[in-house]
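Just so you know, the sequences run in chain order A and B.
Heads up: the first sequence begins at 0 in numbering that gives the first Met the number 0, then just goes up one per residue.
Heads up: the second sequence begins at 0 in numbering that gives the first Met the number 0, then just goes up one per residue.
Worth flagging that the hints you see were computed from the coordinates, not collected in a lab.
Treat the numbers as computed from the prediction; the structure is a model and nothing was measured.
One should not assume that every hint holds.
Identical copies look the same in the list; a pair holds intra-copy or inter-copy alike.
For lysine-lysine, the following BS3-like pairs were computed, each having C-alpha atoms within a straight-line distance of at most 30 Å [claimed, not checked]:
no. : residue 1 : residue 2
1   : Lys210    : Lys27
2   : Lys279    : Lys138
3   : Lys89     : Lys6
4   : Lys155    : Lys268
5   : Lys243    : Lys210
Protein chains: 2
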Amino acid sequence: MNFTREKKVLIVGLGLLGGSYAMALTRKDYSVRAIAHRQETIDFALQRGIIEKGTTEVTKEFVEWADIIVFGLYPHIFKEWIKKYQSYFKSGAIITDVTGIKGNFVREIQGMLRADVEYIPAHPMCGKEVSGVENADDKIFAGANYLVTPTEKNSKEAIEICRDLGWILGCYRVVEIDIDKHDEVIGFVSQLTHCIAITLMTCNEEEHLEKFTGDSFRDLTRIARINEIMWSELFIDNKQALIKQMKEFSAQFNKIEELIENEDAEGLKEIMRRSTERRKLFDK
Amino acid sequence: MNFTREKKVLIVGLGLLGGSYAMALTRKDYSVRAIAHRQETIDFALQRGIIEKGTTEVTKEFVEWADIIVFGLYPHIFKEWIKKYQSYFKSGAIITDVTGIKGNFVREIQGMLRADVEYIPAHPMCGKEVSGVENADDKIFAGANYLVTPTEKNSKEAIEICRDLGWILGCYRVVEIDIDKHDEVIGFVSQLTHCIAITLMTCNEEEHLEKFTGDSFRDLTRIARINEIMWSELFIDNKQALIKQMKEFSAQFNKIEELIENEDAEGLKEIMRRSTERRKLFDK
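Bound-form chain A, shown alone (with noise of 0.2 Å):
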């Protein structure tokens, strides 16, 4: 373990994700401090006992206090913040963060950082369908994948960090994953779903689908319930890989709807009976 307890953790932005680290990494005995915009996101994280320091302000003494920098920011105020203040890092610091979408994001902020720093991405696959500080739970964290995406500029010493931090937060797998290819399965296994989600809950005007709903609904509306400023941004971020997922669903959707308007029975059996195959695997 090269993330050793000697290692001082600042997070940057303590919502559900940033909170959640906090509360995992306390609960294992590391020195965790953090900065968050309101006083009473500190108040209440320093009244859990998940952090063992706060503050509101951004001063190169708090900041540069930390070995190891964990971002729980939206994508475009990570960057404003790293253009601001990223004179106040200790020369060393590694920094990692919880941005779901990695590609030009991270070059961006891998061009201008400076030489002494190193920003190693990464991300659980986990979450929430409310946010803040006040629903942190470092329980989401089992049974989650960790997806770390480094690139040609980082170090084998800070990706072993980063992986190390998957396995401290209690994730249930470590991934390593090339950043391109990172956005476009992200694009698929996740902001894809959500558009399905947003699609299903918006389509239709019928009023009180709750009396007739049944589990397969609830299911698969369950993230329809969306942090809109963080998942537009997201959305866009990727539009690139995020459309062309979009069209390959379109493509299989309109596919299965000419087999049902040809009563194609056989057709729709065959796609159903590949559907039960790949789905298996996930309930291994």
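Here the structure of chain A is known, so what remains is to put chain B in place on it, guided by the hints.
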């Protein structure tokens, strides 16, 4: 309660749902017998004590014993059964079913049925991704909606008995709904969701998706493990309503794609806010 314990219940077709009905009714001290296709099904149900008697042979004696007959068969087999054996029913018998679509199908059966026997259509909004009496479980009714779809041919008494059945099973809510409206709503909340799930599971050739997925993808594809014989039949039988729903879904999905293409964050946020508002109703 019109569905008193004196009423004798025959289940025809002892699969996942038929078996779960048997379990719930037996637990509440009703006399339950069953007709199934395979002897192993009967043996299993007898051994588990969820029926008092069972047979694979359809005889007049066995059928005329029952006051209430519940059909848990595929739609086309249900129709064939009625044609072939309806002379066996006791005069005054009430029959009902678990079929997820109604409309034309119900009218066909009511049209051919003896005048002294009444068919009151209904079904619970629940199920599992697995089939067969071995997977029967009367806990599936907890939290489920039970839908009754009477036609002009139904008597007040039969409707009452059928509603009682929903409560006896342990359903959370018993809802009466117009039969044509029913197929439209089911096309939306149940069939469209299954179409989406199988599309999502088959539109991408990526291997080992399970390494990258979070709960969103898992939730949206839970029902992608699907009984292809039953669902291809249900889709085609409810073709008109389902295709209408698929087209509405596609229109909204395309609209969201366009907003992303145009980087229209405000337009996306507006849809997401509506989605969040509508979804909240389900968590009450």
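**Asked** Given a CA cutoff of 30 Å, do Lys279 and Lys138 count as a within-copy pair, a between-copy pair, both, or neither?
**Response** Close inside one copy (25 Å) and across copies (23 Å); limit 30 Å.
**Message:** Reference check for the pair Lys155 and Lys268, CA-CA at most 30 Å: within, between, both, or neither?
**Reply:** Classified as neither: same-chain Cα gap 48 Å, cross-chain 40 Å, threshold 30 Å.
**Asked** Should Lys243 paired with Lys210 be assigned to within, between, both, or neither, using CA atoms and 30 Å as the limit?
**Response** between (36 Å within a copy, 21 Å between copies)
**Prompt:** Between Lys210 and Lys27, at a C-alpha cutoff of 30 Å, which is it: within one copy, between copies, both, or neither?
**Reply:** between (45 Å within a copy, 26 Å between copies)
**Prompt:** When no copy is named, should Lys89 and Lys6 be tagged within, between, both, or neither for a Cα gap of at most 30 Å?
**Reply:** within (12 Å within a copy, 80 Å between copies)
Hint compliance for this structure: hint 4 alone is broken.
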